[in-house]
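Chains as they are written, first to last, in numbering that gives the first Met the number 0: chain A, 0 to 137; chain B, 0 to 231.
Some clues are possibly wrong.
[Unchecked claim] Partner residues are not named here, just some residues of chain A that face chain B (Cβ under 7 Å, in silico): (1) H17; (2) R19; (3) R76.
[Stated by the list, open to error] Only part of the chain A face toward chain B is listed, based on derived beta-carbon distances under 7 Å: (4) N65; (5) I68; (6) V69; (7) Q72; (8) Q75; (9) R77; (10) V80.
None of these hints come from the bench; they were simulated from the model. No residue lacks a Cβ here, since even glycine has one placed at the ideal position from N, Cα and C.
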Amino acid sequence: MLREGHEVSCLDEDPESHARLEVGLDRGWEDLGGQFTVGAGLETDALVAAGIEKADAFIASTDGDNTNIVIAQIAQRRYEVPTVIARILDPLRAEWYERQGMHTVCPTRVAIDMLETAVREGAPRGSSGPSDGSAEVA
Amino acid sequence: MYIIIIGAGKVGWNLARELLEKDHEVTVIESNRRRYLTVEQELEHNVSYGDASELWVLERAGIQRADMVIAVTGDDEDNMLICQVAKEKYDVERIIARVNNPRNKPHFDLLGIKPSVSATDLILRLLEHEVPEYGLVHLLDLQEEQLEIIEMLLGKDCGVTGRRVGDLQMPEGSLLISVLRNGKGFVPGPDTVLEVGDEVLAVLDPGHEEQLKALFGPGDGSGGNGAASDGG
Numbered sequence: 000m001l002r003e004g005h006e007v008s009c010l011d012e013d014p015e016s017h018a019r020l021e022v023g024l025d026r027g028w029e030d031l032g033g034q035f036t037v038g039a040g041l042e043t044d045a046l047v048a049a050g051i052e053k054a055d056a057f058i059a060s061t062d063g064d065n066t067n068i069v070i071a072q073i074a075q076r077r078y079e080v081p082t083v084i085a086r087i088l089d090p091l092r093a094e095w096y097e098r099q100g101m102h103t104v105c106p107t108r109v110a111i112d113m114l115e116t117a118v119r120e121g122a123p124r125g126s127s128g129p130s131d132g133s134a135e136v137a
Numbered sequence: 000m001y002i003i004i005i006g007a008g009k010v011g012w013n014l015a016r017e018l019l020e021k022d023h024e025v026t027v028i029e030s031n032r033r034r035y036l037t038v039e040q041e042l043e044h045n046v047s048y049g050d051a052s053e054l055w056v057l058e059r060a061g062i063q064r065a066d067m068v069i070a071v072t073g074d075d076e077d078n079m080l081i082c083q084v085a086k087e088k089y090d091v092e093r094i095i096a097r098v099n100n101p102r103n104k105p106h107f108d109l110l111g112i113k114p115s116v117s118a119t120d121l122i123l124r125l126l127e128h129e130v131p132e133y134g135l136v137h138l139l140d141l142q143e144e145q146l147e148i149i150e151m152l153l154g155k156d157c158g159v160t161g162r163r164v165g166d167l168q169m170p171e172g173s174l175l176i177s178v179l180r181n182g183k184g185f186v187p188g189p190d191t192v193l194e195v196g197d198e199v200l201a202v203l204d205p206g207h208e209e210q211l212k213a214l215f216g217p218g219d220g221s222g223g224n225g226a227a228s229d230g231g
C-alpha cells in the first residue's frame, strides 16, 4: 500500500519487526514515507503516536484474536476511524462480530474455502475412471 | 443462581468455593490444563477445561441459561470479550469483569462492560480507608445516577466539630446521610452536634468533593465557602 502511494503507519511491540518491513525494499521504510511506532495496541498513547486520530483506515492484525477484536472496537468507537478491519482466526467469532457490524477477515475461513475448492476441483479427474493410485486428500 | 466463572486462578477458585458454599450452581472454566487438573481435584464437575474465548466452550458450559458470568482471568482482553459476548450474544443478565491493568479500564467502559473491578483500585480504596489522613474516602460511585457517597473522619482540628448540623452551610447538591459514633450509626437531624471522632457519610453530586473537603477539613469550618462561622 506504501508503494501505491498511501501513507502507511505500523505499530508493533517488537522493535525488531521493523527490519521485516524493509525486506525486499530498495530503500528504507521511512525513506519511502512509511511510519513505524513501537508500542502495544491497547495503549492509547501508542495508537495516537502511530496516528490513529487522522487515519482513514485501521487494520488490527496482531497474532491474537482477542487483541484484534478489542483494538478494532477502540478504533471504531473511540477514534471513529471510517474503515476498520480485524483479523480473527476463530470462524465462529469472526461470523458473530461481522454480524455486529465489524469488518472482519478470517484466514481460517479463507483457507477452509480454498482447501474445499481444491478438493472439489480434484474430484473430476478421479471421476474419469478408477485411477492407478486412487489417491485421497486428507 | 447459575454462575459461570472464567479463570480458575486464586480469585476464580476462591470465588467458586464461596459461591458453592452459598448453594449456587457454579461452573469454572480454565484454559490451562495443569491448573484445571489441580482445581478439579477439589471442585470436581464444577470446573471445565477450555478456552472461554471460544463460543463453543461457553455453550458447553451452558451459558444460555447462566444468570451471571464473572470473568477473572489474568488477561484483560479475554475478560472484556468474554463479558461482551455473554451480554450481547447470550443475553446473560449480569456480568462482572476483572481489570488487571487499571490503564485498560477505559476500554472496559468503552465496550460497555460494567461493572469492572480492579484489584489496584480496591487496594487503593482500602488504603484510603485505613489511612484517615486522606480525609475523604470514596465509598461508592453511582455513575449512572450521577451520585457519589463519601466518608469523612472528623479529626481534632476539624472545623465543624461542636457545631449543629443545621448550622452547617452544606454545599448545594450534598447531604449528610449518617453519622457513625462509637461504633453506632444514626441519621443526623438539624440539632445533632458533631463530635471529634465521628465518621460522617455524605451523598453528593460529583464534583462537590472539594467544597465538602474544605468544609469538613481542618480550620474554622467556613471551608472557604463563604459560610459565616457562628459557632453553633
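Cross-check of the supplied hints:
Hint status for H17 of chain A: violated, given a least beta-carbon distance of 24 Å to chain B, over 7 Å. The beta carbon of R19 of chain A is not positioned within 7 Å of any beta carbon in chain B (closest approach about 24 Å), and the interface hint is therefore violated. Below 7 Å, beta-carbon pairs count as interface contacts, and R76 of chain A has one with chain B at about 6 Å; its hint therefore holds. The restraint placing N65 of chain A at the interface with chain B holds, with a minimum CB-CB distance near 4 Å, inside the 7 Å limit.
Hint status for I68 of chain A: holds, given a least beta-carbon distance of 6 Å to chain B, under 7 Å. The interface hint given for V69 of chain A holds, since its Cβ lies 5 Å from the closest Cβ of chain B, which is under the 7 Å cut-off. Among the interface hints, the one on Q72 of chain A holds; its C-beta lies about 6 Å from the nearest C-beta in chain B, closer than the 7 Å criterion. The restraint placing Q75 of chain A at the interface with chain B is violated, with a minimum CB-CB distance near 10 Å, outside the 7 Å limit.
Because the smallest distance between the Cβ of R77 of chain A and any Cβ of chain B comes to about 6 Å, under 7 Å, the interface hint for this residue holds. A least Cβ separation of about 14 Å between V80 of chain A and chain B goes past the 7 Å threshold, and the interface hint is therefore violated.
Checked against the numbered hints listed earlier, the structure breaks hints 1, 2, 8 and 10; every other hint is satisfied.
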